[in-house]
Amino acid sequence: MTVDDPIADMLTRIRNALSRRAEEVVLPSSRLKAEIARVLKEEGYIADYTVEQGESYPVLRLKLKYLREGTRTWRPAIRGLRRVSRTSRRIYAGVRELPRPRQGLGIAIISTSQGVMTDREARKRGLGGEVICEVW
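Okay, so the sequence shown: first residue is 1 according to this note's numbering, each after it adds one.
It is worth saying that the hints were derived from the structure and are not from the lab. Don't be surprised by glycine CBs; every beta carbon is placed ideally from N, CA and C. Among the hints, a few may not be true.
List time: in silico DSSO-like cross-link candidates among lysine-lysine, alpha-carbon distance up to 30 Å [claimed, not checked]: (1) 41 <-> 63; (2) 65 <-> 124; (3) 41 <-> 65; (4) 63 <-> 124; (5) 124 <-> 41.
Now the in silico label distances, taken between C-beta atoms and shown as ranges [as the list claims (entries may be wrong)]: (6) 2 <-> 26: 32 to 42 Å; (7) 94 <-> 55: 41 to 51 Å; (8) 12 <-> 112: 39 to 49 Å; (9) 73 <-> 31: 33 to 43 Å; (10) 114 <-> 72: 38 to 48 Å; (11) 56 <-> 99: 33 to 43 Å; (12) 87 <-> 51: 44 to 54 Å.
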């Protein structure tokens, strides 16, 4: 099965795994997906990630993170994911137009000329780029 938008597919797989309280999610790997996973780990949204060689293609294994809420309940560290720039409509932003998801409580993942990073890091470095997705 071919996927038109691999990043949207990655975000949907994460969303589905969180809704069924899975410990991990496995998906086809690419350099961009691995960089997005690195940013999610650095920001504390996932516990860990690894890139492994599958039977016919490399796979990205994400270990999801859950936070204790109250005495008996756990909630996902990721409350929401939204794809911003799509294959049919690319969204680019200069340093002044970079989004602040959830009034700064979430992050936007930006693809810049210096690599994939959060909106905060891009602002510090004075960079703009393609707004890949928002996470909160």
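Hints versus structure:
1. Distance hint between residue 41 and residue 63 is fulfilled; the C-alpha atoms sit about 10 Å from each other, no more than 30 Å.
2. A C-alpha spacing of about 27 Å is found between residue 65 and residue 124, which places the hinted pair at or below 30 Å, so the restraint holds.
3. At roughly 10 Å between alpha-carbon atoms, residue 41 and residue 65 fall within 30 Å of each other, so this suggested pair holds.
4. Simply put, residue 63 and residue 124 have alpha-carbon atoms about 29 Å apart, close enough for the 30 Å limit, and the pair holds.
5. About 20 Å separates the Cα atoms of residue 124 and residue 41, which keeps this hinted pair within 30 Å; it holds.
6. The given range of 32 to 42 Å is broken by residue 2 and residue 26, whose C-beta atoms sit roughly 18 Å from each other.
7. Between residue 94 and residue 55 the CB atoms are about 43 Å apart, so this pair conforms to the stated range of 41 to 51 Å.
8. With their beta carbons about 24 Å apart, residue 12 and residue 112 fall outside the hinted range of 39 to 49 Å.
9. For residue 73 and residue 31, the hinted distance range of 33 to 43 Å is satisfied, since their beta carbons lie about 37 Å from each other.
10. As the Cβ distance of residue 114 to residue 72 is approximately 44 Å, the hint placing it in 38 to 48 Å holds.
11. For the hinted restraint 33 to 43 Å between residue 56 and residue 99, the CB-CB distance of approximately 37 Å keeps it satisfied.
12. Separation of residue 87 from residue 51 is about 23 Å and departs from the stated range, judged on CB atoms against 44 to 54 Å.
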